[in-house]
Amino acid sequence: MSEYEHSPVPPERRKSLLTVSAVWFGFPMILTNAVPGGVVVAMLGFWKGMAAIVAANLVMLVYVGLLSYRAGSTGQSFSLQATATFGRIGYVIASGFLATIVVGWFAFNTGATGATLHQAFGWHEQLVAVLAGLAFIAVTYLGIRALSWLGMVAAPLFIVCGLIAVVIVAGEHDLGAIFSYPGVAGADAITFGAAVSLIMATFADSGTMTADFTRWSANGRQAVLATATAFPVASLIAQITGGVVVAAGAIASAASVGGNFLPILTNGHGVLLSALAAVFVFVNLGSVCSHCLYNGALSWSHLTGTRMRVMTLVLGVIGTLAAL
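The opening position of the sequence shown corresponds to residue 1 in this note's numbering, with each subsequent residue numbered one higher.
What the hints contain is simulated information worked out from the structure, not anything from laboratory work. Misleading hints may appear alongside valid ones.
[What the hints assert, rightly or not] Have a look at the derived ranges for each label pair, beta carbon to beta carbon:
| # | residue 1 | residue 2 | range |
| --- | --- | --- | --- |
| 1 | L303 | A115 | 24 to 34 angstroms |
| 2 | I93 | A194 | 45 to 55 angstroms |
| 3 | S7 | D174 | 22 to 32 angstroms |
| 4 | L66 | H173 | 37 to 47 angstroms |
| 5 | I318 | R88 | 49 to 59 angstroms |
Please read all numbers here as calculations on a predicted model, not as lab measurements. Idealized CB from N, CA, C, for every residue including glycine.
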């Protein structure tokens, strides 16, 4: 199936609202998005931190939603939108810059897969990173439909693992105390505006490139609805989960570690939970890696006049090597 690297997606090739929503809501509902939620709560305290999280996600809804509406209305990818906005020369800077950043995120999170599973279970870090990179490349190569399938698995798996982590925390800490959590870094550690910016920065790049996903929507309205499943819904679930485990006192060095709740799952709670945690890491980080690689490959294919799948292989190999 064509990924329409150089032309708008024709109306007859558009996808259902569920399919496009699954692409988007499976992206921000990830462990690495729980981290900034925890950091902000640690810096500001529970209620002020939650207010910053909500404010940031509402801004993202407006920003990404407007870009998505245009994508759903025209069928144009980010590169095609950038060409129409900045011209044939100017778009190279915007598209090339963001496409390179997201490939960097692919490399970072592929390396993080190996590092995380090494820290949790002692697995060979580089070998795991290579195997993970190859798997993530394979998913991306299959195109937008595979991202939708991955989202339908990754998001429910996050919810299950997040709930398990909260239940474990509730058995060891007083959850009622989270509402009075004052933070650990002092009142002047970070401003409210800086906290909002920190939350937004997590997905500012791929959010700007939303057209790569929402151009598959039947129309602009459905594109906005699909976006809303990511911002605020999926993103809030991830960041609030991170904030709750931090406010409950379950995370050491919360101001720097944030809401990474994986150690809660792997800290002596049985083989089955450890196995679930391993699958969770692979699928969860695989979601962000595949989405980022798709963004990067689609933009670079337009920049170089090639196909998305060719650039997926090229950039995927480069990113995997960089992850080592």
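**Range agreement (Cβ of A115 with Cβ of L303, hint 24 to 34 angstroms)** = 31 angstroms, holds
**Satisfaction of the hinted span 49 to 59 angstroms by the C-beta atoms belonging to I318 and R88** = 26 angstroms, violated
**Request:** Can you let me know if the beta-carbon spacing of I93 and A194 is within 45 to 55 angstroms?
**Result:** 27 angstroms, violated
**Prompt:** If you check the beta carbons of S7 and D174, does the distance land in 22 to 32 angstroms?
**Reply:** Violated: the Cβ-Cβ distance is about 57 angstroms, outside 22 to 32 angstroms.
**Request:** Evaluate the given range 37 to 47 angstroms for the C-beta pair formed by L66 and H173.
**Result:** 41 angstroms, holds
Checked against the numbered hints given earlier, this structure breaks hints 2, 3 and 5; the rest are met.
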